[in-house]
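Undergrad: Sequences and hints are given; from them, build the entire structure.
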Amino acid sequence: MRLAPRSVRAAYAAATAAAVALTVLAAGAATGAARLVGVSAEARDNGQTVLIESTEPVAYSVSRPDARTVLVELRNVSVAGAANRVSTTGTSLVAKVSLEDGNALDGTAVGRILLALHAPSAHKVRSSRNTIRVDLAQAGPAIDNAALVEAAATAAVPPGLAVSGLAEAAGSVGIDPMAALQAPQPAAAASLAGQVPAAAPAPADAKPIEARPAEAKPAAARPMPVAQQQTPPPVINDPSSGQQRPTAEVTEGRKRYTGHPVSLDFQNADLRSVLRTFAEISGLNMVIDPAVQGTVDIVLTEVPWDQALDIILRGNQLGYTVDGTIVRIAPLKVLAAEEDERRKLADAQALSGDLRVRTFALSYAKATELQPLLTRSALSQRGQIQVDPRTNTLIITDLTDRLTTAENLINILDRPEPQVEVEARVVTTTRDFARELGIQWGFNGRVDPEIGNTTGLAFPNRGSIGGRTGTVSGPEVSNDPRGDPRQRAGTVVNLPVSPANGAIGLALGSINGAFNLDVALSALERTGKGRVLSTPRLTTQNNVEAEVAQGIQIPIQTVANNTVTVSFKDAVLMLKVTPQITSANTVIMRITVENATPDFGRDVQGIPPIDTQRALTQVQVNDGATTVIGGIFVSRESSNINRVPFLHRVPLIGWLFRRDEIQDESRELLIFITPRILRG
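Going by this note's numbering, the first residue of the sequence shown is number 1, and it counts up by one from there.
There's no promise every hint is true.
Stated by the list, open to error - As a list, the in silico DSS-like pairs of lysine-lysine whose alpha-carbon atoms are at most 30 angstroms apart:
no.	residue 1	residue 2
1	Lys344	Lys333
2	Lys124	Lys255
3	Lys96	Lys366
4	Lys255	Lys333
5	Lys366	Lys344
To be verified - Per label pair, the in silico range of CB-to-CB distance:
no.	residue 1	residue 2	range
6	Ile288	Asp354	39 to 47 angstroms
7	Ala503	Glu637	25 to 33 angstroms
8	Thr612	Glu525	27 to 35 angstroms
9	Glu53	Ala346	57 to 65 angstroms
10	Gly631	Gly606	27 to 35 angstroms
11	Thr108	Glu53	18 to 26 angstroms
12	Gly530	Val628	16 to 24 angstroms
13	Gly530	Gly606	22 to 30 angstroms
14	Ser377	Asp570	42 to 50 angstroms
15	Ile504	Asp570	47 to 55 angstroms
16	Ser377	Arg676	31 to 39 angstroms
17	Glu525	Ile451	42 to 50 angstroms
18	Val564	Ile504	52 to 60 angstroms
The set of hints was computed from the structure by calculation and includes no laboratory data. Note that the Cβ used here is the ideal one computed from N, Cα and C, for glycine as well.
TA: As structure tokens, this is what we get:
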């Protein structure tokens, strides 16, 4: 055994962690060591295929130490006596094929097939029963291997790394495995996704070097790529800087894995052996709990290897913890039990210690109101609170750190609340207009020999005619035709304005009283305006309801079962408000404003109706600003015409047979509110 230089050891670790592809096939537990039959090649249209045939299906891995090298390792396979039928001349992409027996890092016997290529080539691996097919295709230009090896020499790699295999490659620069692997202890049920630190991909090209058997395992490993997910990354403490930093980048939408693609085909493979295989290809220091048992049956093609490991862990109800550079894999139940025990221990340690007693005299808050809040938020299970209502004092018994927490909370809550002055203005305006024009007129006439006016007939020899709706002035018309003719001038049209503001009367009659005519024209026009302003105002503390009212109570009598009961109904101007001051210097208010006034002009049995104006709402208003919280506008217009049928249509004189009325009334209610914050 010979240890490689520090730079070469770093290069090998990086190459192992950045394997381009891995295909593992386990057809079942082998009854004995398998044997390599031979290696051959066949041409394809766009490249070349190398065929590796064994006596039975075997587990194998494929890695790329550099762009011109493909390394195939067959587990528990001997290459002794195998035939090499690969031509390296002409158009062949393969420059040399080397076969060797050796040991893997875990001591398992492996057969190695090294394919040295003429130029950098891409490859793809397929398997079918006991034949492995390595498809080669021309790739891009070669990479400067010397530069990679020189860069790898500057990378920080722990000493003591043994080198095995047929090739060693240069690693990525500037990666600190110790810092990259550092992560917090995850919850017992945490999955691999999003928790294990990520590794940077390795360069694709490096110099092949002489093969040496490996007898030592790496003391430190390269970090594992991260399966990223949409949840926020865990935050850990960085001992070197005293600051916190996230362990992984977060992408939105779905999980994203950064491991190199692999193809897996496990059939009845031992779970612990499969996990050890992942430890080799990832370079992780892995500890597998003894409780991890079982077999694996899985077929995956070209998936990131960290995603494959995540699937295997979740499929077998396994979780992991990270301690420095060591990843421990165990069943979820085991991790959950350990986490529960750690939590119980932490709780027991937190509850240990001597109890102390402190008193807190409150100035503004009520002790009875703070007691349940402090019990839930600050006290431990051993703590208790007693209240002295007389002095508004809290007596708290608890651990020292919990007493400090309670004190800080009391200092925040026990402070004066600002006050709010709320002013409301209830404005009621009314406007009305009325105009009426009416007429009354009547006549009477008679034929009577007494006044020298006769019909000249025996019958009728006398008679009279006149209005019958009443008199224009004086007493009603008598039915006796011999009465005073001035008392018999009844109205034919009786459409007056009542009460009239003005009237004109006209009376005409014959000298002998045989015919009389009375006419009266009345008119009314009325205009009115009114305005009522009510301004209730009050001051209250933040979040405290307040009410102010002024008015009368109206007694209402009710009789039931010969029992007279008197109840009182409020007719008051009232303002009720609950203010809440916000951090934005605004006030949120629940407001009830009511203006109820009795109307004794329309009482019923001495009980007046109540004219009520009310607003109930919740608004947010800036400090000192005024807003309208309610308004009602009522407008009523009416036009009435009283007239005598048919006669009102007579041209020119139709107005003698009608009365016109016009009314226009409007009423408006506006309620304003103004809050003012009173500080100090």
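Undergrad: With reference to the structure, classify each hint as holding or not holding.
TA: Status of the hints after comparison with the structure:
A threshold of 30 angstroms between alpha carbons decides the hint, and for Lys344 with Lys333 the separation of about 16 angstroms falls inside it, so the pair holds. Between Lys124 and Lys255 the CA atoms are separated by roughly 26 angstroms; this keeps the pair inside 30 angstroms, and the hint holds. Among the hinted pairs, Lys96 with Lys366 is inconsistent with the structure: their alpha-carbon atoms are about 89 angstroms apart, more than 30 angstroms. Simply put, Lys255 and Lys333 have alpha-carbon atoms about 25 angstroms apart, close enough for the 30 angstroms limit, and the pair holds.
Among the hinted pairs, Lys366 with Lys344 is inconsistent with the structure: their alpha-carbon atoms are about 36 angstroms apart, more than 30 angstroms. Checked against the hint of 39 to 47 angstroms, the pair Ile288 and Asp354 passes, with Cβ atoms roughly 44 angstroms apart. Look at Ala503 against Glu637: about 26 angstroms separates their beta carbons, and that is inside 25 to 33 angstroms. For Thr612 and Glu525, the hinted distance range of 27 to 35 angstroms is satisfied, since their beta carbons lie about 32 angstroms from each other.
The hinted window of 57 to 65 angstroms between Glu53 and Ala346 holds, with their beta carbons roughly 59 angstroms apart. Taking the beta carbon of each, Gly631 and Gly606 are about 34 angstroms apart, inside 27 to 35 angstroms as hinted. At roughly 21 angstroms, the beta-carbon separation of Thr108 and Glu53 lies within the given 18 to 26 angstroms, and the hint holds. Between Gly530 and Val628, the C-beta spacing of about 20 angstroms keeps the proposed range 16 to 24 angstroms intact.
With their beta carbons about 26 angstroms apart, Gly530 and Gly606 fall inside the hinted range of 22 to 30 angstroms. A hinted range of 42 to 50 angstroms for the beta carbons of Ser377 and Asp570 is consistent with their spacing of about 44 angstroms. Between Ile504 and Asp570 the beta carbons are some 51 angstroms apart, a value that agrees with the proposed interval 47 to 55 angstroms. Between Ser377 and Arg676 the CB atoms are about 34 angstroms apart, so this pair conforms to the stated range of 31 to 39 angstroms.
For Glu525 paired with Ile451, a C-beta distance near 44 angstroms keeps the hint of 42 to 50 angstroms intact. Range check, Val564 to Ile504: about 55 angstroms between beta-carbon atoms, so the 52 to 60 angstroms window is met.
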